[in-house]
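Number of protein chains: 2
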Amino acid sequence: MNRKTKGDYAMLDIFKQIPLYRFLQYCQEESRLPRTILDCGAGGSQPPLSLFRTYGYETNGVEFDPKQLELANEYARHKAQLLHIQQGDMRHLDFASESMGFVYSYNSVFHMRKADVQQSVSEMKRILMPGGLMFVNFLTVNDSRCGQGRDLGKHEHEQFDDSVPVIHSYYEPGEPDLLFSDMEILYKEDRVLERIYEGEKIRQGFVDYIVKKADA
Amino acid sequence: MNRKTKGDYAMLDIFKQIPLYRFLQYCQEESRLPRTILDCGAGGSQPPLSLFRTYGYETNGVEFDPKQLELANEYARHKAQLLHIQQGDMRHLDFASESMGFVYSYNSVFHMRKADVQQSVSEMKRILMPGGLMFVNFLTVNDSRCGQGRDLGKHEHEQFDDSVPVIHSYYEPGEPDLLFSDMEILYKEDRVLERIYEGEKIRQGFVDYIVKKADA
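Chains as they are written, first to last, in UniProt numbering: chain A, 1 to 216; chain B, 1 to 216.
Just so you know, the hints here were simulated from the structure itself, not pulled from any lab data. Some hints could be false.
As the list makes no split between identical chains, a pair holds if one copy fits it or if it spans any two.
Stated by the list, open to error - Straight-line Cα separation of at most 27 Å, DSS-like style, residue types lysine-lysine; simulated pairs:
#, residue 1, residue 2
1, Lys125, Lys201
2, Lys67, Lys212
3, Lys125, Lys79
4, Lys67, Lys154
5, Lys212, Lys201
6, Lys125, Lys212
7, Lys67, Lys16
8, Lys16, Lys154
9, Lys79, Lys154
Using the sequences and the hints given, assemble the complete structure.
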């Protein structure tokens with residue numbers, strides 16, 4: 001396979017993280033910002049940073065889980081893309097303040113307790129340039145799994161995914177507004193979706209934010 | 001501009017009709033169906049059929065409004081894509097029964113009264129092959145404009161967009177289920193979004209469906 005064919009193939013992927021197409025659209029409209037972007041929770045078998053790379057962004061990603069990190073890097077090698085995804089903890093980002101035009105975390109922050117989510121969002125704000133854009137989404141109390149598992153308080157629950165213990169923190173749809181009180185909310189979407197997953201109908205609840213850091 | 005550059009440019013567009021990326025993803029997974037697709041309400045300055053064309057689909061579209069039709073065809077000429085968008089009425093589709101693998105109508109059907117929506121959905125079902133997929137979305141009563149304008153009954157309202165009279169029909173989030181009682185609902189998303197539009201914060205409510213026609 002030559003380089004051109006590889007590039008075309010990357011372009012033709014449809015990324016399953018659909019709301020990030022909207023974020024990309026908002027990013028594309030911010031013509032004064034450098035095309036630098038950080039993904040917090042960047043791992044998995046189809047890393048969405050690849051979409052941003054295809055559109056010319058310089059990408060960086062941090063991923064806590066070594067297995068998810070390896071899957072993402074395998075994908076990047078296969079697509080011959082330099083995505084720069086490394087092991088890291090979004091509660092302590094190893095990037096300079098105001099160093100990125102854009103930052104996002106998709107389906108990721110809610111795997112921590114709410115205090116850790118707050119710290120992670122603070123870190124994302126710190127590394128974002130003035131005028132920069134951020135996407136973050138949250139699980140909501142409309143999710144059918146909300147209430148299941150040991151309750152740690154504030155709709156934080158200890159649950160199991162494929163026998164592996166995980167934290168899921170659920171938010172009232174307006175609750176994350178408080179995390180962005182120093183930013184401009186450009187877009188917010190409260191959504192409840194029903195789909196077939198492994199033969200069963202499931203109901204999921206999310207609220208997605210696109211927010212902008214104040215200009216200097 | 002040579003042909004290759006034109007093709008790349010088309011590929012690099014981000015289509016504002018974000019939920020259609022998800023529909024495209026579902027379509028791509030149906031490997032046994034022919035790549036033929038019809039858009040009902042296909043006009044406008046960025047016709048999403050272009051996205052499907054880029055992914056190799058044979059496209060057809062109908063558009064009621066000659067002005068929107070012209071905008072779409074201008075786009076297609078600019079991108080050097082053959083999209084086959086024609087003037088037409090989705091209540092009476094001029095296509096053979098079971099002739100399309102896929103059909104969709106995005107942000108369109110709710111500009112008619114509910115009886116006409118029902119007739120249009122019936123037509124879309126008719127031209128769809130057994131096992132084929134359909135995307136349709138609806139305005140919901142959660143939209144901030146629901147209740148405004150002359151009430152024609154059943155949350156059907158006569159309103160004005162830029163001084164032009166239009167019908168908007170609003171649905172309870174579960175109400176369109178009835179239109180798909182003979183189909184399998186693969187995906188359904190009830191969403192309320194807030195965004196800045198022309199300097200004002202607006203609230204919109206939609207429910208999106210991806211449904212499958214029963215196999216023969």
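Against the structure, the hints:
1. Lys125 / Lys201: between (37 Å within a copy, 23 Å between copies)
2. Lys67 / Lys212: neither (32 Å within a copy, 35 Å between copies)
3. Lys125 / Lys79: neither (30 Å within a copy, 39 Å between copies)
4. Lys67 / Lys154: neither (30 Å within a copy, 52 Å between copies)
5. Lys212 / Lys201: between (36 Å within a copy, 15 Å between copies)
6. Lys125 / Lys212: within (9 Å within a copy, 43 Å between copies)
7. Lys67 / Lys16: The answer is within: 19 Å in one copy meets 27 Å, while 34 Å across copies does not.
8. Lys16 / Lys154: Neither: 30 Å inside a copy, 36 Å across copies.
9. Lys79 / Lys154: Classified as neither; 42 Å inside a copy, 52 Å across copies.
In the structure shown, a violation is registered for the earlier hints numbered 2, 3, 4, 8, 9, in ascending order.
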